[in-house]
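A.B. asks: For reference, the chains in residue letters:
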Amino acid sequence: MSAQTIKQDDGTPVSFYVEDEHDHPEGGSTMLGFWMYLMSDCLIFAVLFATYGVLGNSYAGGPGPRELFELPLVAVNTAMLLFSSITYGFAMLAMDEGKVRTMQAWLVMTGLFGLAFLSIELYEFSTLIHEGAGPTRSAFLSSFFVLVGTHGLHVTMGLVWLVTLMVQVGRHGLIAANKRRLLCLSMFWHFLDVIWIGVFTFVYLMGMLR
Amino acid sequence: MSDNTNPHTSSVAHGDGSAHGEDHAHGDTASHGTRGSYLKGFFLSAFLTAVPFWAVMTGAFKDPSTAVLVVMLFAVIQIVVHMIYFLHMTTKSEGGWTMMALIFTIILVVITLAGSIWVMFHLNSNMMPMANMADMG
Numbered sequence: 001m002s003a004q005t006i007k008q009d010d011g012t013p014v015s016f017y018v019e020d021e022h023d024h025p026e027g028g029s030t031m032l033g034f035w036m037y038l039m040s041d042c043l044i045f046a047v048l049f050a051t052y053g054v055l056g057n058s059y060a061g062g063p064g065p066r067e068l069f070e071l072p073l074v075a076v077n078t079a080m081l082l083f084s085s086i087t088y089g090f091a092m093l094a095m096d097e098g099k100v101r102t103m104q105a106w107l108v109m110t111g112l113f114g115l116a117f118l119s120i121e122l123y124e125f126s127t128l129i130h131e132g133a134g135p136t137r138s139a140f141l142s143s144f145f146v147l148v149g150t151h152g153l154h155v156t157m158g159l160v161w162l163v164t165l166m167v168q169v170g171r172h173g174l175i176a177a178n179k180r181r182l183l184c185l186s187m188f189w190h191f192l193d194v195i196w197i198g199v200f201t202f203v204y205l206m207g208m209l210r
Numbered sequence: 001m002s003d004n005t006n007p008h009t010s011s012v013a014h015g016d017g018s019a020h021g022e023d024h025a026h027g028d029t030a031s032h033g034t035r036g037s038y039l040k041g042f043f044l045s046a047f048l049t050a051v052p053f054w055a056v057m058t059g060a061f062k063d064p065s066t067a068v069l070v071v072m073l074f075a076v077i078q079i080v081v082h083m084i085y086f087l088h089m090t091t092k093s094e095g096g097w098t099m100m101a102l103i104f105t106i107i108l109v110v111i112t113l114a115g116s117i118w119v120m121f122h123l124n125s126n127m128m129p130m131a132n133m134a135d136m137g
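From first to last, the protein sequence lines stand for chains D and C. In case it helps, the UniProt record's numbering puts the first sequence at residues 1 to 210. In case it helps, the UniProt record's numbering puts the second sequence at residues 1 to 137.
To be clear, the hints were calculated from the coordinates, so they are not data collected in a lab. Computed from a predicted model, the values in this text were never measured in an experiment. Watch out, some of these pointers could steer you wrong.
Claimed, not checked - The list that follows gives simulated cross-link-like pairs (lysine to any residue, SDA-like), each with its CA atoms no further than 20 Å apart:
id	chain 1	residue 1	chain 2	residue 2
1	D	K99	D	P13
2	C	K40	D	K179
3	D	K179	C	E94
4	D	K179	C	G33
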């Protein structure tokens, strides 16, 4: 910051300050930027939810939610994702305390819960397709597979990212850059859990009530 | 304007200026909650998930529209719980910009969802009638 003084027309000096861009630490704006990304992701899901809302009643004479969905399976799936959220939270607490081993153990647990979630989802998808209720059967099923599948794809990417970061932490330890990356993934992972609330409510529970 | 009224001129304020830089460490130093707050969020979420599942699976509500309202209410509350306890949303994080982005996104989401469903509500009633209309479910 530097001070400058000029004289006004009547001769009285006016001081003002030229404020330099203050130093941002490396990656200083990453968290806000990542939040912006999550919000744009939120809009993708909003559009897919809207599509499902519009097309979800068009069964084309095919099976509807009541015949297809198994709520106990969805409940187990929801529990898996919720467990993975809390274990990720504990991983972040261990990271704050600088306990690398503990953190990695929690991350492994998170990954396993995420994997369980994906396996159950893939099992559900394959069951539906074998029952002849694939994405091409009706507009309802097309929008269902796109919406739930996009969420599943996000979880898959989250898992790839999780493994990548565990390798990074294993190689370089808890350096600032790795902490920042882990915090971004933390937001991503919890965000997916938030989207899943919309999925199990809007798609599964309200589908059964139709 | 006299120099002394400008807080940036005093040495104390200058100290503030450098602290200002640290405040702007942007999230790296943000709080991540505590074990207690995570557990609180977890048990709240578990409860808020279990109740609507239970209500739908046992058919606790005779009237489907009541059930829909209850299920949606629980979902909205659970989303708020996740935002606070897991995503650590506050009005102050990142100088309020995360909250601004969130509010903007919610507005867009409401427009997208409500707008699509409203516009498309009569999707089928405005279709050209077909000869075999009576055969179709």
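A.B. asks: If a hint holds in the structure, say so; if it does not, say that too.
C.D. replies: Hints, one by one, checked against the model:
1. As the CA atoms of D:K99 and D:P13 are separated by approximately 58 Å, the hinted pair breaks the 20 Å bound.
2. Our distance criterion of 20 Å between C-alpha atoms is broken by C:K40 and D:K179, whose separation comes to about 24 Å.
3. This hinted pair checks out: D:K179 and C:E94 have alpha carbons roughly 17 Å apart, not beyond 20 Å.
4. For the hint pairing D:K179 with C:G33, the CA-to-CA distance comes to about 15 Å; that is within 20 Å, so the pair holds.
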